[in-house]
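Engineer: Chain by chain, the residues:
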Amino acid sequence: MSAADTIQRLDKQQLARRVARDIPEGAYVNLGIGLPTQVANYLDTAGDYFLHSENGILGMGPAPDEDHIDWDLINAGKQPVTLLNGGCFFHHGDSFSMMRGGHIDICVMGAYQVSTRGDLANWHTGDPDAIPAVGGAMDLAIGAKQVFVMMNLLTKTGESKLVEHCTYPLTGLGCVSRIYSELGVIDLGPDGAKVVEMVDNLTLEHLREMTGVDLTMAQ
Amino acid sequence: MSAADTIQRLDKQQLARRVARDIPEGAYVNLGIGLPTQVANYLDTAGDYFLHSENGILGMGPAPDEDHIDWDLINAGKQPVTLLNGGCFFHHGDSFSMMRGGHIDICVMGAYQVSTRGDLANWHTGDPDAIPAVGGAMDLAIGAKQVFVMMNLLTKTGESKLVEHCTYPLTGLGCVSRIYSELGVIDLGPDGAKVVEMVDNLTLEHLREMTGVDLTMAQ
Amino acid sequence: MIDKQVRTVAEALEGLQDGAAIMISGFGEAGVPAELIDGVVAQGACDLTIISNNAGTGDVGIAALIGAGRVRKVICSYPRMVGSRHFEERYRAGELELELVPQGNLAARIQAAGSGLGAIFTPTGYGTKLAEGKETREIDGRQYVLEYPIQADVALVKAYKADRWGNLVYRKAARNFGPIMAMAGKTTIVQVEDIDPLGTLDPETVVTPGIFVDRIVRIADAGKAAA
Amino acid sequence: MIDKQVRTVAEALEGLQDGAAIMISGFGEAGVPAELIDGVVAQGACDLTIISNNAGTGDVGIAALIGAGRVRKVICSYPRMVGSRHFEERYRAGELELELVPQGNLAARIQAAGSGLGAIFTPTGYGTKLAEGKETREIDGRQYVLEYPIQADVALVKAYKADRWGNLVYRKAARNFGPIMAMAGKTTIVQVEDIDPLGTLDPETVVTPGIFVDRIVRIADAGKAAA
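Residue numbers (my numbering), protein chains in the order written: chain A, 138 to 356; chain B, 138 to 356; chain C, 7 to 233; chain D, 7 to 233.
Only true hints are included.
Only pairs whose alpha carbons sit at most 30 Å apart, straight line, appear in this in silico DSSO-like list of lysine-lysine:
| hint | chain 1 | residue 1 | chain 2 | residue 2 |
| --- | --- | --- | --- | --- |
| 1 | B | 293 | B | 215 |
| 2 | B | 331 | D | 135 |
| 3 | D | 192 | D | 79 |
| 4 | A | 215 | C | 167 |
| 5 | B | 282 | C | 192 |
| 6 | D | 167 | D | 192 |
| 7 | D | 192 | A | 282 |
| 8 | C | 135 | A | 331 |
| 9 | B | 215 | D | 167 |
| 10 | C | 79 | A | 215 |
| 11 | D | 167 | A | 282 |
| 12 | B | 215 | B | 149 |
| 13 | C | 167 | D | 167 |
| 14 | B | 331 | B | 149 |
| 15 | B | 282 | B | 215 |
| 16 | D | 135 | B | 215 |
| 17 | C | 192 | C | 167 |
| 18 | A | 331 | A | 149 |
| 19 | A | 215 | C | 135 |
| 20 | D | 140 | C | 140 |
| 21 | D | 79 | B | 215 |
| 22 | D | 135 | B | 293 |
Label-pair ranges, simulated between beta-carbon atoms:
| hint | chain 1 | residue 1 | chain 2 | residue 2 | range |
| --- | --- | --- | --- | --- | --- |
| 23 | A | 207 | B | 206 | 41 to 47 Å |
| 24 | D | 211 | B | 163 | 26 to 32 Å |
| 25 | C | 91 | A | 182 | 40 to 46 Å |
Simulated from the structure, these hints should not be mistaken for lab results.
Just so you know, these numbers come straight off a predicted model, no measurement behind them.
Glycine is no exception: its CB is placed at the ideal position from the N, C-alpha and C atoms.
Model the full structure from these sequences, guided by the hints.
Structural biologist: Structure, rendered in structure tokens:
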């Protein structure tokens, strides 16, 4: 049995739970479309968390039951949501002022690629035939105090999405502070990538090998 | 009896009434502090006029009686006012967006000097000892679609406040469209000053003489 | 007496010209002035520039306008969606210009137009393809891109309630682009579910003051305005 | 549970440091956080920069701070008022720096700070003494002046009601600079007349979302907070 077979990779739900553990009570958080949205399911419901949706909601609650769907109350992924007591509405200008102005504490996003210095590529595959669409990705990337990327480090074909330099079109420069992945948690910054934690049975050497980037352990 | 003796100069209330006549129903209007505020007294109360106050009021009504003074409901001159049905409140950012964005139809202001091309000087006498204070004057001057200046053309000592070039510090360049004065109404613009109307017994020649500026009759 | 209410969508859209730039509120289905867009489809103006967050889906609304070849340019943040077939076809055929703008820059540029700013330095997009060729500047240690206002000849907005002076309130996340587009349109045309008597909207809770609104048309919740 | 309410003005002002830039809401008497300013007077921080529309009158509030020699610089639109004796004395003595800003530029620069813009081109002030030495640019046939954001370490705001998450509503023209200053303060401290249970403020009518508010202190209408 090879070492790789024993690596305890996190599945998507475990990953969402892991991210949720690092979101302190009282944080203002924007959870990106797709997998990041799942993080909400693991926030401690005994505490107060403030979920922001760029279409003008602060204090988003969980999805409604079928009888209470209101299509005027949707999240950025255009799914029906609810509003907590204490939530409120505002227009798109104010909503993006919250982001751009540095008022959102944490933004959680997916990515195609992230560089060791925190450059983010998550809006365009670079395929010249693709219809480009950016939405709020660039605003979220540079606005929040901390940007967490939540992704598998390796593609299905084993390529690393953590890279020295992004080859996909950039969303923002030096904006990602941390990656949460199936293999562990990695801090990014001007000094490069530092491994904060790894899943069981994974070694730094092995992680370096799989990603092909220079990794050190965080102090 | 000299010609000057027979000139039917408008007094302040007549002047306010004259300005009011040129404000059409439905206009969004900002009336400056002091004499311009009096214009409100002569608007046709059968019609709808929208008075804007830069401290965040649209739909200002007349002064309250003494029993209904509310110090949270004051105009830009810090006098108690009322709110009409259909009026509303907003913050300073939105209030000055209304002005700067060209949404106010008419602004009526006083002036120290106005040039024939519409330059306005109304915030500072130029006295080096004076404490400077500008308030919203510069914003009002350049924001409204039309800026009306309401002033006596001549000072008490007979100097003209309509000039070829302002000698007082400027509030805005080329922003005044019309002067309403004790002697008549004068349009201003890139082509100079054009007299729209004069009070009884005043001639263009006499008006030129008194102001010392080149005046022609408007077509 | 000032009454900004008009009776029909057609009346609301009077004067809309070929070549016009039209802002359209909405995010998802929320806040989309569907009947006003249908009115534009019926009205016939072409060579239009559409400024909206998306570029339409299916065969209705903005997608119908694009499908009919009436749109020259789209300024939006997210044109690619499930069902954005008409946009994709015209775009791939080179018949439709796209100006792709990050959503927050779209909002900020619309706000700049409404509030009379000449340009803004925004951090969003710096170092990306969407800032290529644009002026940039380091201010206080951070990099910014210079972006210009986006103005519109006509803004089409959906709100919840109005009064005859054009004061507006919205409903939940259907507010989205409505208030800022209302400020940026040379003519702002609003469809609402109800028009309340003057003085019944709480002056503290008006979101869009009537000064930003030119015409209001009532579209009953489930139905359409009189033709 | 997140509860942004603190019990006393002193607690609300904890951490206020010498050299701080402080924004203070209010226009006339409306919306002035009088008890919070009194708290600053009592707290002792000096070498302050005060950002407010006026520079205080009489012997209270901002005037008291200035009179006590605690203010290094004032950024405002209208310092000269009946009773602005303390400002005038210190200013004439050269002991107080004044940055005079047109009121709308003051608002726009505060908004730029709150919304993360690096700078804005504004038409106000072009060609006047207040734009001397500043970068200007013609954009689309109009002249603009480049103006930078005004940030504050602390924003002191008066609102009408809050909830424990910091959502705020205001009262009439006392709203004025409150909402935009709340967005621009690194720490935003708000005095309110009432703190309502969470969920009782209508989410459609919240003017300042709680995200912009750090601390709330209740000052009963006529009285003072517990010392």
